[in-house]
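J.: We have chain A; now place chain B onto it with these hints.
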Amino acid sequence: MKIVVTVKQVAALDDEFELLGDGSGVHPDSVELELNEWDAFSLEAALQLRERAGSDDEVVVVTVGGTESEETLVGCLAKGADRALRIWDSSLQGADVLVVARVLAAVVAHEAPDLVLCGVQSSDAVNGATGMALAGYLEMPHVAVVKALDYDPAGSVATVRRELEGGLVEVLRVGTPALLTIQTGINEPRYANLRAIKQASAKPLEVRTLAELGLDAAKVSMAAGSRRRKLRHPDAGGGAEMLDGSPSDVAARIVELVRERMTG
Amino acid sequence: MSHRDPRYDVLFEQVAIGPKTLRNRFIQVQHCVGAGSDRPGFQARFRSTKAEGGWAAVFTESCTIAPEADYAPFVAARLWDEGDVRNLSLMCDEVHEHGALAGVGLAYGPMTQAGTNETRLAPSNVSSTSNPHLSGTAGGLWCVDRHDIRRIRQLYVDAAMRAVRAGFDIVEVNLSHTSSILVRFVVPMYNQRTDEYGGSLENRTRFAREVLDDIRTKVGDQCAISVRWGIDTLDETPWGFAGRGVRADGDGVGLIADLDDLVDYWNLNVGTVAHWGEDAGPAKTHPENHQARYTQLAKQVTNKPVVNVGRFTNPDTMVKVIESGQCDLIGAARPSIADPFIPRKIDEGRPEDIRECIGCNMCASRWEMRGPALVCTQNATSAEEFRRGWHPERFDAAANRANDVVVIGAGPAGMECAIVLAKRGMRRVHLVEAESEMGGTMRWITQLPGLGAWGRIVSWRAIQMQKLSKSLTFVPRTRLTTDDVLDYGAELVVVATGSSWAADGRSGFNPDGISGVDAVAQDWALTPEQIMVDGQQPVGNSVIVYDGDGYFMAHELAEKLAREGRSVTYVTPFPTVAPYTEYTLEQPRVIAGLRELGVTFRTQAVLVDADGSQATLTDSVTAVTQAVPCDTLVLVTQRNSHDSLFRELRDRPDRLQDAGIAGLYHIGDCVQPSFIAQAIFSGHRLGREIDSPDPSVALPFIRERRIIGGSDDDYELGSAAISAGEVVPLTMELGGGGLADQV
Chain A
1 MKIVVTVKQV AALDDEFELL GDGSGVHPDS VELELNEWDA FSLEAALQLR ERAGSDDEVV
61 VVTVGGTESE ETLVGCLAKG ADRALRIWDS SLQGADVLVV ARVLAAVVAH EAPDLVLCGV
121 QSSDAVNGAT GMALAGYLEM PHVAVVKALD YDPAGSVATV RRELEGGLVE VLRVGTPALL
181 TIQTGINEPR YANLRAIKQA SAKPLEVRTL AELGLDAAKV SMAAGSRRRK LRHPDAGGGA
241 EMLDGSPSDV AARIVELVRE RMTG
Chain B
1 MSHRDPRYDV LFEQVAIGPK TLRNRFIQVQ HCVGAGSDRP GFQARFRSTK AEGGWAAVFT
61 ESCTIAPEAD YAPFVAARLW DEGDVRNLSL MCDEVHEHGA LAGVGLAYGP MTQAGTNETR
121 LAPSNVSSTS NPHLSGTAGG LWCVDRHDIR RIRQLYVDAA MRAVRAGFDI VEVNLSHTSS
181 ILVRFVVPMY NQRTDEYGGS LENRTRFARE VLDDIRTKVG DQCAISVRWG IDTLDETPWG
241 FAGRGVRADG DGVGLIADLD DLVDYWNLNV GTVAHWGEDA GPAKTHPENH QARYTQLAKQ
301 VTNKPVVNVG RFTNPDTMVK VIESGQCDLI GAARPSIADP FIPRKIDEGR PEDIRECIGC
361 NMCASRWEMR GPALVCTQNA TSAEEFRRGW HPERFDAAAN RANDVVVIGA GPAGMECAIV
421 LAKRGMRRVH LVEAESEMGG TMRWITQLPG LGAWGRIVSW RAIQMQKLSK SLTFVPRTRL
481 TTDDVLDYGA ELVVVATGSS WAADGRSGFN PDGISGVDAV AQDWALTPEQ IMVDGQQPVG
541 NSVIVYDGDG YFMAHELAEK LAREGRSVTY VTPFPTVAPY TEYTLEQPRV IAGLRELGVT
601 FRTQAVLVDA DGSQATLTDS VTAVTQAVPC DTLVLVTQRN SHDSLFRELR DRPDRLQDAG
661 IAGLYHIGDC VQPSFIAQAI FSGHRLGREI DSPDPSVALP FIRERRIIGG SDDDYELGSA
721 AISAGEVVPL TMELGGGGLA DQV
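Chains as they are written, first to last, in our numbering: chain A, 1 to 264; chain B, 1 to 743.
Looking at chain B on its own, in the form it has when it is part of the complex:
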């Protein structure tokens, strides 16, 4: 039964698209996930979970139409052959079971050739400017002629017909992110042709028009046909084509007008493939609905329904963009990853339960790594729906729920674990925290420039905990000693005590720490906590932020201190600035932003000693050393786990037994300091598996691979194919002793 607030009714109106009807205005647009066609169970369950969550249409990621069109090593879906038809039909069947439409985004991608060793085709011989060693286009491209064009048209139609056979309701032709050959014909940067496929806009859209016409002719009565169009390549920024791209108010709407008669609706975004972080804009730099000023122009030239994206998480914003006429359909990728059930939660009158995307782009970073399944900081079940059987909204009762649990530490890991345990019906869960508020390091990480949205990690969990208050109690301002834990009265103990940054500058680059440095004793050496929690100020004039971590902490502190008027040098042993931000698509703006603030950079430099007035850098390639001014050294090198509580408890199993403690576990940073996503995942996993034979070890998950003599049964949880087989426990003493002694 719907308790929907009437002001959201507009979001649940049906929209006709060609021969199909969308049941509401929510579309999960194409987005990468790491499933492709080779992991059909993952693909199907990941997408159908969103269908269950109420989305009207759910899409694959970009789907290449032939081996020569592929993106490997990036994981794309594929519709090359009948095997792919069978595999993707599973997705269509599961999506249909939940009443949604299934969509596929067809692409002939000219990006890479790794994996299939095929020739790269293009409108003109203008090589790719991104990752030439990966794309294999260093050296040039085959400039297609009319024979190639006809052949590629046939490939598109064949793929469209495979799509129909697989059961797709919507065939979307990709003309976005400059990552298909069709859009490269449109973009002047790549098209220098002088024949009827080059020059004027009409010529540059000819190939796309022909492909759309072919597809419409063959399958247009059975499928809705849409185009994903990158309406603007952002040429006014450093991340466009400097005048050789597409402007929304020029060719952007021009193409829409040109091809409008061939599509049933438009799916719009912005940006180039090299800088698709301008489409998947992080929260720090791109507010919700950040593409509006480009995409809203479309409605001037079309009456067809238009999808916009912009990290929509707020139902009121969604209503606004519909009612203002900006667009007709709410498109989402990342928000649907963070919460597959957004539409249903709005419909059921509980928008406060929406787990909002924080715009960290951890999801994108996995795809950028070329291979692994995505991960979501906010939603630990993302990509685990099939292989571990985790449903984002359903938690089965724990077999051992007649037990009390104490979770020590209310950071991301502890909060997540406590919530899952409470949802699984544990009798009582106490989440004990030394500080007065929950959140752990999130309490100060969110104070870093632009990271306020990451506070949703805590606020969503606080709301969930409120709803679980019958069995879940938050106990603040309480620091537990080993004796306190033994006396607490819980049968299960989960240690989530986190970590802190090394005060001696230790990391793999400086395995003995940095000579002369001790942030505990020196006012000129500072850890992130000393700055953000204790409020310690840098001394002197020249500040070095030394990054042995490579993700956000160092560049954020460099920005913060530069904004406060300090003269900052960012020094790192890594070859690039904040290397992980290449994967999160943030790196260009990180570097540009720091440069604008006057921050200078030294990469490939190991900092080997400091004394409060200067530091010594050693070039990690040439070994040349150099003394540089350094009045303050900010140490962002590695984190050390707060592991003493767990180790003390574990070392005395007799005391645990006397205290009636049946299980002792540890999660999050106090095990291994890592991403926030990792901490939340580890807390979630323990909660899901608290009633397994050994919760400290993750249960086997389904692996989708070819198994000799295999059958469908091999792809189920608990199957023999993923069991470790016969295990003969060894008896051995802790601390050594030959096995031969025991046999």
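Extracted from the complex, chain A is given alone in its bound form:
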């Protein structure tokens, strides 16, 4: 059994950060980087499956990122992943969801896993689209927002519970190979102890360029569905107008304001 887990290194959420002068992104020095929260759960799901199965099995973590993302990959190796892959090309700077999915599709196709596990979304970009786009490029059966997973690698069917609105749960059987996006709370992600952290550096971590994947940089970038033009802080608003007085005073003022805005 082989499971590919796609992971992303994200900026830790914080109120204080700086934007690059040209607005093209967040200044890297102003943020802490960490593994995307959802990916900890998908990695854990993969590791639990591997533990239940046999010793021939492999969990491979893949990311599209620069050298700074190797720290996150090593963390995944420390938790128990067997092998890590980092894909990068300078043309991938600022890549959007579809471009990342296009690149991952080439990796997954080459790896030919039984399962691809992705996080439902990343905590910084919050598109919630990479996993599904990847499934689309692979033309692979897929289920999003999985909160329970039952898979026997001997068979070729995974039974999943899928979280819908209003507390509804959908139960599905999906034939493998399949791609699942994993929801937080599905398990309790493990922590790596210091021995595992120390040993992680001995595990394979390979870096591949687009060319080595057989991809053309120009064509890949044309897969983009959007391009980020600029990031900026929102303009400060005018503040709040506090309405004082008795309930009837306040009500009268609200009526006034609504009328003004409806006609203005």
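Hints were generated in silico from the structure; no laboratory data involved.
Quantities reported herein were computed from a predicted structural model and do not represent experimental measurements.
In this text, a Cβ means the ideal position worked out from N, Cα and C, and glycines have one as well.
Watch out, some of these pointers could steer you wrong.
Some chain A residues flagged as far from chain B (calculated, every beta-carbon gap over 10 Å) [claimed, not checked]:
hint	residue
1	D29
2	R83
3	H110
4	A129
5	E163
6	E170
7	R195
8	A196
9	V250
10	A252
11	T263
Some but not every residue of chain A turned toward chain B, in silico, with C-beta under 7 Å [said to hold, decoys possible]:
hint	residue
12	Y191
13	L194
14	K198
15	S201
Some but not every residue of chain A turned toward chain B, in silico, with C-beta under 10 Å [unchecked claim]:
hint	residue
16	A12
17	V31
18	E32
19	E34
20	E188
21	R190
22	A192
23	N193
24	Q199
T.: Leaving out everything else, chain B in the frame of chain A:
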């Protein structure tokens, strides 16, 4: 460079006080520390650390002006002679180096006579009502006449001139806590005179006026002169003078108006010396800025700058009290102990780094014990700045930092140790915790009535850990066995596994436990954890809370259960209720609060057996026994360390070696269950000394005492004077064997 939030700019405005200028509005007011003039290194470094932390003025504790004016056995500063001038000049020099003003609070204190065997003088022969055996005033006082008054005036002026020679910028005359002779002239409780020094307010303030006038005449051009004034003795409470005291809206502002022309600023507080816990109000009973309703009246009668205190920790509150006109200067004692760097942290735009005082009064409890240096639950470096060289904000890189550490247990000790280790640059620190959140017993202690503020112990550390997340990892929901520890991969192992309350009622009062009692098996016998963590309810009607501990746990549980409608009796073998709370100044309100809830008390009573419907008490003085109803017995007797993990690891040095573990240590309650302050201290110390030759033993600290043939070199870390000297290690087997066999 300042990243200060502009809304705090007002706190950094300069304020003129006589011939001096305060660089901002933060004043560390007089507070006791245990240093006095006899430990000048301690005094200087303790105070100058705050100067470095940005306070505009830093004061000594109350400073007595002559042997007859002293407070012994309570530790006060002294300006009796030239030796004291030299000693306190060290404080002034160090404070000045950091750009702050140095202040001294002069007092002729009539409180005690232990230590100098002097006569006690007073306005009238009205003996002290507090601790007569200590104060030596049982029997009466010498009622001063005009000769004595003139002599005392001379003593004050002499002391003021010594203050100038020592380098002080501010001379503050103490008229607060009813603990100086001058204020005892003002307070009707103590002044029954019929001459020109008694009767009307003008008469009662005459002595203080004369002293201030003398001081101003002699040193007023060189020093700022202030008065520390207890504006209200809280007579509406049981802790005042029942109508014989001072009311803020009466003599309180009256004195200010009367003496205003003689001071450059006012330092206000409330309360009497017997109940100065109403000034140093604990967080449980006194919210931040609790003195406002008394002290804010001062601005009606003076335009001079006014200092208020009130356990200020929140910069927004500080701004509010300035901008509202309540006061002009933020005074602090305990908040400055918990964090000497409050002003700088606000100025540097990082108020979240302020380590907030939790209002536990552990600091005060040490002074109340008459002798030891203070300790602070939140700030383990407090009082250790000089003698151990610990700076609250600076941590030097550990010589052995190329190592990984696992700290087992994220209670106060473990959290503190992990933070210090990370700040000292240890390569990786894992703080492993069995529960899902950090905090250890703080997670439920903060649920006890009124102890929510103690949660700052955890929240501040959580913030610090967040900032150290590059090297410090919190690993929750993980309980490590001995094998897990050996396999963890850390070169250094710190066990901080805490303790829990005895289920058998064992303590020194009941060395074999309480007969018939087993809280594990019985639903009518409860430990604090069973109540607070497991949610077990008392059964039946009558609840006894049995206190063999003497601090907060028993009285807090008694309060909690009484509030829940139980009929509670607090039983203790100690002579008083919650005896440690006498030192933390909480005892009067503890007892009053429990009484109001209908709790009854039995002191000097050892509980020798219980069966779920009654218990037997033995009077520890008369040995008379008595059966009392007891449907539920709450056991607050002693705590047992969770020491098995450490002992198992230590017993197999071969396995430690095979696992590559170079150091195994234990800290906090799992060594010896004690105060939270002790746990945090032990974690801090290990972190500071992790690279010493044997981190399990504290390094020698500087001792300030006279050494025959000594010199200043003797008062430095590492000096020969504090070394153990030549040590010849004995070779001996673990478990005995005669030394003679080995020699």
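J.: Can N193 of chain A be said to touch chain B, with a Cβ gap under 10 Å?
T.: Interface hint status for N193 of chain A: holds (5 Å vs cutoff 10 Å).
J.: Grab the minimum beta-carbon distance between E170 of chain A and chain B and tell me whether it stays above 10 Å.
T.: holds, 29 Å
J.: Should the interface hint for L194 of chain A be scored as holding, given a Cβ-Cβ cut-off of 7 Å against chain B?
T.: holds, 3 Å
J.: Regarding the hint that R190 of chain A lies at the interface with chain B, is the smallest CB-CB distance below 10 Å?
T.: holds, 9 Å
J.: May I ask you to check that T263 of chain A keeps its beta-carbon over 10 Å from the closest beta-carbon of chain B?
T.: Holds: least Cβ distance 38 Å, greater than 10 Å.
J.: Taking 10 Å as the limit, does the beta-carbon of E34 of chain A come near enough to a beta-carbon in chain B?
T.: OK, holds: E34 of chain A within 10 Å of chain B, min 8 Å.
J.: Does Q199 of chain A hold up as a contact with chain B if the rule is Cβ-Cβ below 10 Å?
T.: With a minimum Cβ separation of about 8 Å from chain B (threshold 10 Å), the hint on Q199 of chain A holds.
J.: So is D29 of chain A really clear of chain B, every C-beta pair being over 10 Å apart?
T.: Since the minimum Cβ distance to chain B is about 13 Å, D29 of chain A lies beyond 10 Å and the statement holds.
J.: Does A192 of chain A hold up as a contact with chain B if the rule is Cβ-Cβ below 10 Å?
T.: Cβ of A192 of chain A sits 9 Å from chain B, so the hint holds.
J.: Say whether it holds or is violated: A252 of chain A keeps its Cβ farther than 10 Å from all Cβ of chain B.
T.: With a cut-off of 10 Å, A252 of chain A remains clear of chain B, as the shortest Cβ separation is near 32 Å.
J.: Less than 10 Å between beta-carbons is the criterion; does E32 of chain A satisfy it with respect to chain B?
T.: holds, 7 Å
J.: Closer than 7 Å between Cβ atoms is the bar; does S201 of chain A clear it against chain B? Give me holds or violated.
T.: violated, 13 Å
The structure does not agree with the numbered hints 7, 8, 15, 17 stated previously, though it agrees with the rest.
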